[in-house]
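Once you've looked at the hints, dock chain U against the given chain Z.
2 protein chains.
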Amino acid sequence: MTGSAALFTDRYELTMVDAALLDGTAHRESLFEGFARSLPGGRRYGVVAGTGRLLELIERFRFDDAELEWLRANEVVRPATLDWLADYRFHGDVWGYREGEAYFPGSPLITVQATFAEAVMLETLVLSTLNFDSSVASAAARMVSVALGRPIAEMGSRRTNERSAVAAARAAYIAGFDATSNLEAGRTWGIPTMGTAAHAFTLLHDSEEAAFRAQVAAFGPKTTLLVDTYDIERGVETAVRVAGPELGAVRIDSGDLPTVVVAVREQLDALGAVNTKITVTSDLDEYTIAAMSGSPVDSYGVGTSVVTGSGHPAAGMVYKLVARRDDAGEWVSVAKASASKVSVGGRKNAARRLDSTRTAREELVFVGDGPEGEPEFESGDRLRPLMVQLMVDGEPDASYTGVAGTQAARAHRAEVMQELPIEAFRLARGEPAIPTTYR
Amino acid sequence: MTGSAALFTDRYELTMVDAALLDGTAHRESLFEGFARSLPGGRRYGVVAGTGRLLELIERFRFDDAELEWLRANEVVRPATLDWLADYRFHGDVWGYREGEAYFPGSPLITVQATFAEAVMLETLVLSTLNFDSSVASAAARMVSVALGRPIAEMGSRRTNERSAVAAARAAYIAGFDATSNLEAGRTWGIPTMGTAAHAFTLLHDSEEAAFRAQVAAFGPKTTLLVDTYDIERGVETAVRVAGPELGAVRIDSGDLPTVVVAVREQLDALGAVNTKITVTSDLDEYTIAAMSGSPVDSYGVGTSVVTGSGHPAAGMVYKLVARRDDAGEWVSVAKASASKVSVGGRKNAARRLDSTRTAREELVFVGDGPEGEPEFESGDRLRPLMVQLMVDGEPDASYTGVAGTQAARAHRAEVMQELPIEAFRLARGEPAIPTTYR
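Protein chains in written order, with numbering that gives the first Met the number 0: chain Z, 0 to 438; chain U, 0 to 438.
Warning: the hint list may mix true and false statements.
Unchecked claim - Counterexamples of contact, computed for chain Z against chain U with all Cβ distances above 10 Å: (1) S37; (2) F115; (3) V145; (4) R149; (5) E161; (6) T192; (7) Q214.
Said to hold, decoys possible - With the C-beta cut set under 10 Å, the calculated list includes, among others, these residues of chain Z facing chain U: (8) V76; (9) Y87; (10) L124; (11) L203; (12) A213; (13) S253; (14) V343; (15) G344; (16) G345.
Claimed, not checked - Label-pair distances were calculated between CB atoms; the ranges are: (17) Z:G189 / U:Y87: 19 to 29 Å; (18) U:G40 / Z:S294: 21 to 31 Å; (19) U:R61 / Z:A336: 14 to 24 Å; (20) U:L147 / Z:D282: 42 to 52 Å; (21) U:G148 / Z:E68: 27 to 37 Å; (22) Z:I421 / U:D325: 57 to 67 Å.
Worth flagging that the hints you see were computed from the coordinates, not collected in a lab. Here the structure is a predicted model, which is why all the values come from computation and not from measurement. Cβ coordinates follow ideal geometry from the N, Cα and C atoms, glycine included.
The following block holds chain Z by itself, in its conformation from the complex (with noise of 0.2 Å):
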């Protein structure tokens, strides 16, 4: 993707930036900080990711002058204002949590240090991309681990917007999904992509057989065909009969799945179609696909739940000023105050306490005003360092980014999902699977 990002931006950004340049104030050092004050629906974990689209978006960030004339125009900043946009470049540091790390409740994923006005004005940028990311790879992840081991497909992206959901792809792979229907998720993002045909393709034709045929005329009898256009029974003979027993693959979109799914294979095995695989696509979330848990499944396609987040579209963080520095240029936290919207100010680093087995028992927040450095760990258990550094003076660490950096996100969640404890897995409501302890 190309272009600027620099308007996908709150206006009151823009104008805090206006109004702090005006007294002063906007060159103060500041310490933001991006958290989710809770997990939604009752989940035992969530899952990171937007950091590698997010870092690759801050570095574009930036005014051209059709949008500084737009700015001008509608009068949103001052003109001295204007100046200092036209000259924007993002130049402060990031730390944060890992792509495709777990997350608990006030888990510092995100931090970013710069001048007030340089990091005040990616405070919508940072929370779109995570919000959405984590949302779509956090109901992701309860998918995959609930499918055990059987692969999933990511076939949402006409229930969500056309450009979100090639993030949603994306998240959802890092998340541990294995393809992708979106062929830009692919090209961008190098993810395997998969699909074959809709019931339109069988409509079109003069009869189901027809249709069958010009399918594997055109890519082999290793195929999937879709058998449930009229008659699934009916279906599967005119499949079996026109591919031959080395048939790739039945598809079902519609019928009750589990009954439908045992008919199906042993209609299978009875045409002598014994390696002939099945995969449903009905609306699928986690909990349908935990109930298929002993059907002769083989694959899944999952659509609308996975793109908008099984329930909870939107992951609930925020990213709140945390410490700037006063005039005599020590850092001092600072926090809201009001109800029911309380912050933990300063600064925070962060580490997962793991025991002998190598399974997470406590995430660990270590809060001080002071710079970055290494947490001081605790002996016994083992502890985890959770951040690293994302962006040194406004450039990214390439290896959190691009295709490399999806594939190394995929890889973390892998790895990091082996030390969550057994109750991380659980589908039922319930507390985050391990406690945040602030040190």
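What follows is chain U alone, placed relative to chain Z:
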């Protein structure tokens, strides 16, 4: 926005084209229909949005060299099909509901007539735009109706993908919101933008008073001051002291709003700031807005709930082949027959039956296989035709696109709301406000 939309597409659209080009069925003239089988969450009506954006995206649906090269390298389709894709542009006709129109289950929201290959390729894009934007607009319209004329601003960019945020701002505006915080939505779609300051601005300063002074210095006393960073009562007192009784507004973003708002109104009046308005912005949705109908609130800012469709982030629309010509050139109705997802085949036209008080009573869907044309309206009550031609030979009707189209959609929605029966505006779950009848 610029750039191609061709890869915002599920892989199976291209593989279907590939197979259908091989057996010649790709060129069969076809009719696809977009509709919703139901309204989510027991809502009484939906609001169509996304149409204007969609028309612009269809016009730009071309495969550029980089996209073709990626498809070639990944062997998505056969080389002959790549040549066909290289020449692709949509030449078909599109009819549908005007953007901003109310809709009900089965309403034929969009009808695409073209060759199978040209029309099937648009499936993902049609559904992404209509599902997301209509989800937002349908939720937003409910908020507008319970706000009883008080202005509402859309402030949810941070709770959805950075690009879907722009579409969400537009959809909410069409549904009757008055402004957005999103700057790109202002620039691209001409939507009024708004915003003043966040808690970070107060925390940046050495005191709340210093922050207020900075903001008033930049924007004058008519600005909106955020008074709940520390203590609301003290915040209000400081705000009026700094800005004077001509202070434009105070914003409250936390606490039990109905209680807090009454106290703040009394305090403002006692301080002589009788014209200072109160705006509230704390996790509002249609239910909390309705609960403040008797509170002295002047305006609302809504974030998460509107951009995520207030619990229903995808409108559930589908895009189905409903008719095609056979080899003799005759139109043949087609429909999937399998369990639980039955569709009604054939070309549709639609009208809303209005009674003598101009109140909507019935959604009439006329089913026929022939070419488009005026439905045979029955006598008696007035019938308002619902479908207009949106594209002719691949060219959008300019009255439905761009800034002007967005304004027209907003005005159309306001008119349509006038004709809905009073039951339509109940928040409680129930049946659609009017029945859909197939004729």
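Results for each hint:
Here S37 of chain Z stays apart from chain U, with its beta-carbon at least about 13 Å from theirs, past the 10 Å limit. At roughly 5 Å from the closest C-beta of chain U, the C-beta of F115 of chain Z falls inside 10 Å, breaking its exclusion from the interface. Against chain U, the non-interface label of V145 of chain Z holds: every CB pair exceeds 10 Å, the least being about 22 Å. Look at R149 of chain Z: its CB is around 20 Å from the nearest CB on chain U, clear of 10 Å, so calling it non-interface holds up.
At the 10 Å boundary, the C-beta of E161 of chain Z falls inside the reach of chain U, the nearest C-beta of that chain being 4 Å off. A beta-carbon of chain U comes within 10 Å of the beta-carbon of T192 of chain Z; the shortest separation is about 5 Å. With a least beta-carbon separation of about 5 Å from chain U, Q214 of chain Z fails to lie farther than 10 Å from that chain, contradicting its non-interface assignment. A hinted interface residue such as V76 of chain Z counts as satisfied when its beta carbon comes closer than 10 Å to some beta carbon of chain U; here the least separation is about 9 Å, so the hint holds.
At a threshold of 10 Å, the smallest CB-CB gap from Y87 of chain Z to chain U is about 14 Å, leaving the interface hint violated. Proximity of L124 of chain Z to chain U holds as hinted, the smallest CB-CB distance being about 6 Å (cut-off 10 Å). Given the 10 Å rule on beta carbons, the hint for L203 of chain Z holds: about 5 Å separates it from the nearest Cβ of chain U. Taking 10 Å as the C-beta cut-off, the interface hint given for A213 of chain Z holds, the closest approach to chain U being about 4 Å.
Using the Cβ-Cβ criterion of 10 Å, the hint placing S253 of chain Z at the interface with chain U is satisfied: the shortest such distance is roughly 5 Å. Nearest Cβ of chain U to the Cβ of V343 of chain Z: about 13 Å, over the 10 Å cut. The hint is violated. For G344 of chain Z, the interface hint holds, the least distance from its beta-carbon to any beta-carbon of chain U being 8 Å, beneath 10 Å. Interface hint status for G345 of chain Z: violated, as the beta-carbon distance to the closest one in chain U is roughly 12 Å, over 10 Å.
Restraint check, G189 of chain Z to Y87 of chain U: a C-beta distance of roughly 25 Å satisfies the suggested window 19 to 29 Å. With their beta carbons about 30 Å apart, G40 of chain U and S294 of chain Z fall inside the hinted range of 21 to 31 Å. Checked against the hint of 14 to 24 Å, the C-beta distance between R61 of chain U and A336 of chain Z comes to roughly 55 Å, which is inconsistent with it. For the hinted restraint 42 to 52 Å between L147 of chain U and D282 of chain Z, the CB-CB distance of approximately 37 Å leaves it violated.
The beta-carbon spacing between G148 of chain U and E68 of chain Z, approximately 35 Å, falls within the hinted interval of 27 to 37 Å. Roughly 59 Å separates the CB atoms of I421 of chain Z and D325 of chain U, a value that falls within the hinted 57 to 67 Å.
Checked against the numbered hints given earlier, the structure breaks hints 2, 5, 6, 7, 9, 14, 16, 19, 20 and satisfies all the rest.
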